[in-house]
Each structure stands twice: as C-alpha cells, then as structure tokens.
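Generate the whole structure from the sequences, applying the supplied hints.
Residue numbering for the sequence shown follows the UniProt record's numbering, beginning at 1 and increasing consecutively.
There may be inaccurate statements among the hints.
As the list claims (entries may be wrong) - Using C-beta positions, here's what the derived DEER-type ranges look like: (1) Thr100 to Ala44: 24 to 30 Å; (2) Phe144 to Asp204: 28 to 34 Å; (3) His164 to Phe144: 40 to 46 Å; (4) Pro124 to Pro9: 25 to 31 Å; (5) His233 to Ile6: 34 to 40 Å; (6) Pro9 to Gly235: 38 to 44 Å; (7) Gln192 to Thr91: 41 to 47 Å.
Honestly, the hints are just simulated from the structure, not real lab data.
No experiment lies behind these values; they were computed from the predicted model shown.
Each residue gets a CB set at the ideal place from its N, CA and C atoms; glycine is no exception.
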Amino acid sequence: MPLEIITLPCLADNYAFLIHNPASGETALVDAPEAAAVKSALSARGWGLDWILLTHHHWDHVDGVQELKAAYGAKVIGAAADAHRLPALDTAVEDGGSFTLLGEEVQVMDVSGHTVGHIAFYLPGSKAVFTADSLMALGCGRLFEGTPQQMWSSLTRLAALPPHTMVYSGHEYTQSNGAFAITADPGNPALQARIRDIAKARSDGSPTVPSTLQLELDTNPFLRAGDSAVRAHLGMEGAEDAEVFAEIRKRKDNF
1 MPLEIITLPC LADNYAFLIH NPASGETALV DAPEAAAVKS ALSARGWGLD
51 WILLTHHHWD HVDGVQELKA AYGAKVIGAA ADAHRLPALD TAVEDGGSFT
101 LLGEEVQVMD VSGHTVGHIA FYLPGSKAVF TADSLMALGC GRLFEGTPQQ
151 MWSSLTRLAA LPPHTMVYSG HEYTQSNGAF AITADPGNPA LQARIRDIAK
201 ARSDGSPTVP STLQLELDTN PFLRAGDSAV RAHLGMEGAE DAEVFAEIRK
251 RKDNF
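The following block contains the structure:
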C-alpha cells in the first residue's frame with residue numbers, strides 16, 4: 001500500500017507533514033513546529049507517532065519535539081552536522097546516506113543555505129521530497145547562515161530530482177512569493193497562471209503545499225537563474241548562474 005502523506009498547518013504559517021504506512025500502522029512526522037496541532041491530527045486519525053524527522057534547527061521546526069517524544073515515545077532523526085543545536089537525536093544522518101522508514105528508502109540530502117546543516121529527505125518510492133526552508137513553493141529560504149553559492153548548489157541538486165517529485169516545503173508563503181516572482185520573470189505565462197491558481201486556493205482556504213518539482217522548474221525564479229528571459233530581464237545575460245541567483249535572492253530580501 002502507498003504511504004499516506006498529510007499536510008498539517010501549524011503555528012501561523014508553518015507546515016509539518018505526517019507520513020503513515022496503512023499496512024504497518026506506523027507514522028512519522030517531518031518537523032515539529034508545535035505539539036498541539038500534531039497531537040490533534042494524530043488523535044483524529046487514531047495514529048501513534050514512531051519517528052520525528054528534523055530538517056534544521058530553527059525553533060519553528062523543532063519546538064514540539066520534546067512534548068511529542070514524551071507523549072508517543074517517538075525516535076528523533078536529524079543531521080549529524082546539526083546535532084549540536086537540534087533536540088537530542090536518536091539517529092544522526094549525513095548527506096548522501098539513506099535509511100529505511102515506514103518500509104521505504106529515505107535519502108538524505110544536504111541543502112545548506114537557509115542554515116548550514118539543513119537537510120532534505122527524499123523518498124523515491126513515494127516520489128516525495130521534504131525540503132522545509134530550502135526549496136519552497138515559488139521561493140527559497142532566506143540565507144540566514146549560508147552563502148548564495150551554497151544555496152544555489154542545494155537548489156541545483158533538488159532540481160535534478162525527477163520532475164514528477166512532490167515538493168513538501170515548510171511554510172505557506174506561496175502567495176507572497178508569487179508577488180515577488182512576477183517581478184523577476186514577468187513574461188512567464190506559466191507563472192501568471194500559477195499566481196491565479198494560488199489566489200483561488202488561498203481564497204478557498206486550501207494549502208498551496210505540496211507542489212510538483214516540474215511546476216517549480218517552470219515558475220520558481222530561484223530555480224530559473226539559467227533561463228534566458230530571466231537573465232535578460234535582470235540585465236545579467238553574461239553572468240554565472242550562481243550570480244543570477246544571488247541577485248534574485250537580494251531582490252527578494254529587499255522586496
């Protein structure tokens with residue numbers, strides 16, 4: 001049976017994700033912004049919680065860990081490189097490593113940039129990648145710790161995944177990201193259509209996460225630094241891709 005993935009709104013604009021194996025009854029959580037919303041979702045479905053996967057150390061991704069671990073006995077999995085500032089880990093993982101979760105392979109990807117030591121979890125069997133604040137719906141995370149080159153390298157790795165991969169990112173920022181994206185890529189009809197779709201989804205109270213990687217490749221300016229139309233609009237036809245990305249990120253920071 002395929003794994004079931006639940007997009008779970010938390011706090012003001014965060015997302016966590018429940019991954020459930022209907023055959024075994026086991027459940028994992030990706031990031032723990034708060035305990036109350038997770039407990040409520042688990043209770044409504046009659047599920048326990050076996051694992052908590054952490055992408056990075058920021059409080060709005062880890063604050064619920066201790067309460068959830070105490071309540072369910074869940075084991076915590078996170079990056080060895082970030083272990084000194086994450087909640088206590090039961091399993092420390094590294095870039096390029098893999099482990100089995102809920103009967104599926106999970107590949108660990110270093111996606112530093114937003115923070116150093118940020119990881120993504122890729123489940124090829126479920127065609128899903130959990131990117132938190134690295135690649136986001138129509139955006140990417142602000143560079144609090146890493147460099148533009150680090151983030152561009154991280155995004156390039158994610159962009160190389162199969163285009164049908166579902167991208168589960170950490171925040172409902174998509175509408176505001178779209179308002180910026182159109183300033184960087186104004187002639188993109190796919191982006192124009194996506195902005196309309198986002199407005200409808202939000203007016204209906206529906207989440208815009210997850211998205212497909214193909215949709216991000218077609219519309220997310222942070223993945224389109226090599227696109228000739230984006231380069232021409234920015235006046236950077238002769239620049240390196242990482243330089244174009246850095247300019248887009250700087251413009252977003254000041255938007």
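Each hint tested on the structure:
no.: 1; hint: Thr100 to Ala44: 24 to 30 Å; in the structure: holds, 27 Å
no.: 2; hint: Phe144 to Asp204: 28 to 34 Å; in the structure: holds, 32 Å
no.: 3; hint: His164 to Phe144: 40 to 46 Å; in the structure: violated, 31 Å
no.: 4; hint: Pro124 to Pro9: 25 to 31 Å; in the structure: holds, 27 Å
no.: 5; hint: His233 to Ile6: 34 to 40 Å; in the structure: holds, 38 Å
no.: 6; hint: Pro9 to Gly235: 38 to 44 Å; in the structure: holds, 39 Å
no.: 7; hint: Gln192 to Thr91: 41 to 47 Å; in the structure: holds, 44 Å
Hint 3 from the list above is the single one not met by this structure.
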